[in-house]
Amino acid sequence: MNNKNMGIANNNRGFLSKFSNFFRVGGVYIAFVILLVISGILSPRTLEPLHILDMLQNGSVLGIIVIAQTLLIITRGIDLSVGAHVILIMLLVDGISMANPSKTALVIVVALAVGMSVGLLNGLLAVKLKIEPLVSSIGVMSLLTGISFIYTKGFGKGQAPPFVRELGSGQIFRVIPISVIVWAVLAIAFIFILKKTVFGRYIYAIGSNPKSASLVGINVEQTAILVYVISGLLVSIAGILLAGYLSNPTLAGGETYPLDSIAAVILGGTTFAGGKGGIGGSIIGTLIIVFLASLLNILGLGHPWKLIAQGLIILVLVFSYTGRNRSV
Amino acid sequence: MEEKEILKLNNISKRFIGVQALKNVSVGFKKGEIHALVGENGAGKSTLSKIISGAYEANTGNMVFKGKTLPQGNPIKTQHLGIFMIPQDLGLIPRLSVMQNIYLGRERNKAGFLDLRYLRNNCEKILDDIGIDLDLDMEVQKLSIDEQQFVAIARVLSANAELIILDEPTATLSESEVEKLFRIMESLKSKGITMIYISHRLDEIYKIADRVTILKDGIHVKTGRVADISKDELIKNMVGRTLSSTFPAKRDMPSSTRVLKLNSVSLAHKLHAIDLEIMEGEILGIGGLIGMGQTALLNAIYGSQHINEGYFEYNGERYNRVNPAKAIKMGITYISSDRRGEMLFINRSVKENVSISTLKDYQRAGVISALEENRAVDSKIKEYNIMVSNREQEIQFLSGGNQQKTILARWMIHEPRILLLDEPTQGIDVGTKEDIYNSLRDLANKGVAIIVIFSDMNELLGMCDRIAVLYEGRLIKVFSSEEATEEKIMAAASDNYKE
Chain A
1 MNNKNMGIAN
11 NNRGFLSKFS
21 NFFRVGGVYI
31 AFVILLVISG
41 ILSPRTLEPL
51 HILDMLQNGS
61 VLGIIVIAQT
71 LLIITRGIDL
81 SVGAHVILIM
91 LLVDGISMAN
101 PSKTALVIVV
111 ALAVGMSVGL
121 LNGLLAVKLK
131 IEPLVSSIGV
141 MSLLTGISFI
151 YTKGFGKGQA
161 PPFVRELGSG
171 QIFRVIPISV
181 IVWAVLAIAF
191 IFILKKTVFG
201 RYIYAIGSNP
211 KSASLVGINV
221 EQTAILVYVI
231 SGLLVSIAGI
241 LLAGYLSNPT
251 LAGGETYPLD
261 SIAAVILGGT
271 TFAGGKGGIG
281 GSIIGTLIIV
291 FLASLLNILG
301 LGHPWKLIAQ
311 GLIILVLVFS
321 YTGRNRSV
Chain B
1 MEEKEILKLN
11 NISKRFIGVQ
21 ALKNVSVGFK
31 KGEIHALVGE
41 NGAGKSTLSK
51 IISGAYEANT
61 GNMVFKGKTL
71 PQGNPIKTQH
81 LGIFMIPQDL
91 GLIPRLSVMQ
101 NIYLGRERNK
111 AGFLDLRYLR
121 NNCEKILDDI
131 GIDLDLDMEV
141 QKLSIDEQQF
151 VAIARVLSAN
161 AELIILDEPT
171 ATLSESEVEK
181 LFRIMESLKS
191 KGITMIYISH
201 RLDEIYKIAD
211 RVTILKDGIH
221 VKTGRVADIS
231 KDELIKNMVG
241 RTLSSTFPAK
251 RDMPSSTRVL
261 KLNSVSLAHK
271 LHAIDLEIME
281 GEILGIGGLI
291 GMGQTALLNA
301 IYGSQHINEG
311 YFEYNGERYN
321 RVNPAKAIKM
331 GITYISSDRR
341 GEMLFINRSV
351 KENVSISTLK
361 DYQRAGVISA
371 LEENRAVDSK
381 IKEYNIMVSN
391 REQEIQFLSG
401 GNQQKTILAR
411 WMIHEPRILL
421 LDEPTQGIDV
431 GTKEDIYNSL
441 RDLANKGVAI
451 IVIFSDMNEL
461 LGMCDRIAVL
471 YEGRLIKVFS
481 SEEATEEKIM
491 AAASDNYKE
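If you read the protein sequences in the order shown, they are chains A and B.
One point on numbering: in our numbering, the residue at position 315 of the first sequence is 315, and numbering is uninterrupted.
One point on numbering: in our numbering, the residue at position 451 of the second sequence is 451, and numbering is uninterrupted.
Okay, chain A solo, but in the shape it has when bound (with noise of 0.2 Å):
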C-alpha cells in the first residue's frame, strides 16, 4: 500500500523526476563536463595542457586525501581530522630532516607510522568505542593540531629532504608532475581494491549493512579500523607530496581539506548511507573542485565565490541523488 502511493508520488514529479533522471546516469560527469564548457568559454587559456596539468599538481594532495575520505564514508565512517592530520605530516618531514638527504628514508618511515597510528586511533574511537566518527574526529582534530603547535612552537621550521621536494614538486620529462603520478597509482590501487578484492567486497559490506555482515562471519569492527588505519596511510603520503610541494612549512592551509574531501566524496555519489559509491566518482568530484577553484581565481574571484560555488554545486548534486533514492 505504502510503495503504492510512493509510486504515484514519484510519477507526479514530473520535471523534477525527468531532472533526477537526467543525473541519474552520471551526475557528476555531467557537471563535470558543463564546468569544462563554462571554463572554456569564458577563459580559453584554463584548458590548456599546461594548465591542466598545474591545476592537477594542486589537487594531488587533496585528491589522495579524498580517496581515504571515500573509504570512510562507504563504510559509514568519516574523518574530520584529515586537515591536521596532513599539516601534522608535513612539519614532522620538514622539521625532522632539516633538508638533510640521509634523514629521507627516517622521515618517511616516521611519517607513514603517525599516519597508520592517527588512523587507528579514530579507528578505535569511532569503531570500538563507538562515538560517531563526526565527532570524535573533530577532538582528534584539536589533538593534531595542538602536537603541531607544541612541536613546532607556532613556527614551522626545515625543509624536506629532496628526494620528497622531487615528489611533491618534480616532474617526470619535465612536464608531468610526479605528484599527480603518485596520486593517479593509489586511485587506480583502490578502484581495483574495491572492485576486485574480497577485502573491497567487505568494506561495501559492513558499509550497506553491518549486522548482515556480521551475520554472514564477516569481522565487522576489524574491517572497519582497518579501514581507518588505511585512511591514515593515505592521509600521511598526501602529507609527505605536501611537505615536498611547499617550499616552507606553516601551520595554516589544512582547514580546508576536512569539507574539500568530503564535498568531493559527496559530488562523486558515495552517499553517507554507506555501501554505495566509490572511487571514480570521487576523483571528478575533486578535479571539479579543483577546476572550480581555479576557474573563479583566474576570473578574478577569490575565495568566498570559491565556497559559493562549490556549495551550489553540492546542493544540486545532493539534491538529484536523494530524489533518485527517495523514489525506490
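If you are wondering where the hints come from, they were derived from the structure by calculation, not from laboratory data.
Treat the numbers as computed from the prediction; the structure is a model and nothing was measured.
Careful: at least some of the hints might be erroneous.
[As the list claims (entries may be wrong)] Taking lysine-lysine and the BS3-like style, the derived pairs with C-alpha atoms no more than 27 Å apart in a straight line are: (1) A:Lys128 with B:Lys326; (2) B:Lys433 with A:Lys211; (3) B:Lys250 with B:Lys236; (4) B:Lys433 with B:Lys446; (5) A:Lys196 with B:Lys326.
Based on these hints, arrange chain B on the given structure of chain A.
Using the frame of chain A, we list chain B on its own:
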C-alpha cells in the same frame, strides 16, 4: 444483556494485500467489563485492536461508541473520545520523568509556562485512585517493567480513558507483578472503565476476564462469559482449520543419524535449559506463540547470541561458544526473519548478495576471480529460479520472495549440514511460498538438517517432521508428525499440555 454496550462493532472487515485479516466481525463490549480477546498468531487480534484504536480503517463495517458512530483511521480523534490502546512496548519516553510521561503532549500551561502545581496534584490524584505509589520525578527508564506499565495506564487515565485496549500486558511480567496489575485492572473496572485484554495466557483470562471473544483466521468464532467456556473448548475454538496450502511429502522414515544435540542450553531471560536433538535430513519445526524464545534458540545455535549455560554436541565435538563465522565454517547457516535488517545488503547487487559469504572460494591472494564467481552465482540463480534481469541488478528491486531465494542461494553454496530458518515465508506471495517449501524438502532429502520457526499452524503441521513447542523459553514438548494436532500444539504453546 443486563449491562449496556459501550462499543459495538458491526461487520468489520479488513483486507491487506493478499490477506483477509478480518471477515465480518461483529462484537459488543459492555461498559465496565474486562473482555479478553484470544486467537492464534495471525488470527486478527491486533488488526481488530488497531481498527478500534483508529490506527487502521476497516474496509467495510462500522463501530458505534456510546451511541455515536466511531470515526476510523484517526487515532487522535479516537483518543479524544476516550479510547486508548496500550501497546506492548508501552510507548513511553525512557528519559522523561513519570509525570512528564503522564502529561506528554497534553501539558497544561499558564501564560505559556507549565502549570506544574496543577499537573503534580492531578498526577498524584490519578495514581492514588488506582492505588499506586510512584515517585513522580523518577525517570521512567529507572522503573521496573510493571511500574512502567502503571505509568502507561496513568497516562491514558489522565486523558479520561473510558475504554482501554491492553496488548499482552503480562508478557514481560513476573507472577507477583501480574497480581499487582490485576488489582489495578479490578479497580479500573469498579470505576466503570472498559478493558479489552489481549493475552495468550489462558490461565490469566480465567482469573481476570468477564467475557472472552475468540478469533480464528479473521473470523469471529464466539463470544461468551468466561465462566461458561472451558479451557478445552477455548483451545478447540482457536484451532481447527483444514490445511489449505499444498506441502511436499514428508520423509517416510524417521532419521537415525544425529547431527546436533543441545544439552541444557540457557540464554539469559530467553532460553531455559533446552535439551534437543536434531537429526540428519529432518525438518524440525519450532512452534509456539510469538516471542517465546524461538528466535533466541536459532541465534544460540548460530552463535549470534552467546549462551550462558549448557553446551552443544556436533560432529562428535562439544562446544559452548561459537560465532557466526565459525558456525558457517562448521556447516551451520542461518536465515533471519528480518530480511532487510539482518540478511540483505539492500543497495548491493544480487551477485554480491549471493557470493558474500563464499568469496574465499573464488579468490587468489585476495583477488576475486570474476569468472568463477559469476559461474557460481549464475548457477544458483538458475537453480533457485530467482527472477532477476541480470546478476548485477540491485537486490532492493526484487520481490520479497526473490530476495528470500537469493539468501537461500547464498547459503546453499556452502552445502551446509544444518540450516536454521526464522519465518522463511513471511511477507512472501503464495506461489513463491510453495517454491520455498519444495526447496526446503529437497534439502532435507539430501540430508540437511533443517530447524525452522513457523508461527503459522498450517506450515508447522504441513512442513515439519517433528515439532518442538516453546513456552517462555522452555521446551514444553516435541511432537512427532503423527501425534501432532493443532489442539495439542496450541495446548503446549499456552502451557496447558497434559500427556
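Here is what the structure says about each hint:
Between A:Lys128 and B:Lys326 the CA atoms are separated by roughly 22 Å; this keeps the pair inside 27 Å, and the hint holds. The hinted pair formed by B:Lys433 and A:Lys211 meets the criterion: a straight-line CA distance of about 26 Å does not exceed 27 Å. At most 27 Å may separate the alpha-carbon atoms for a hinted pair to count; B:Lys250 and B:Lys236 meet this at roughly 26 Å. Distance check on the hinted pair: B:Lys433 and B:Lys446 sit about 20 Å apart at the alpha-carbon level, within 27 Å; holds.
Between A:Lys196 and B:Lys326 the CA atoms are separated by roughly 25 Å; this keeps the pair inside 27 Å, and the hint holds.
Checked against the numbered hints above, the structure breaks none of them.
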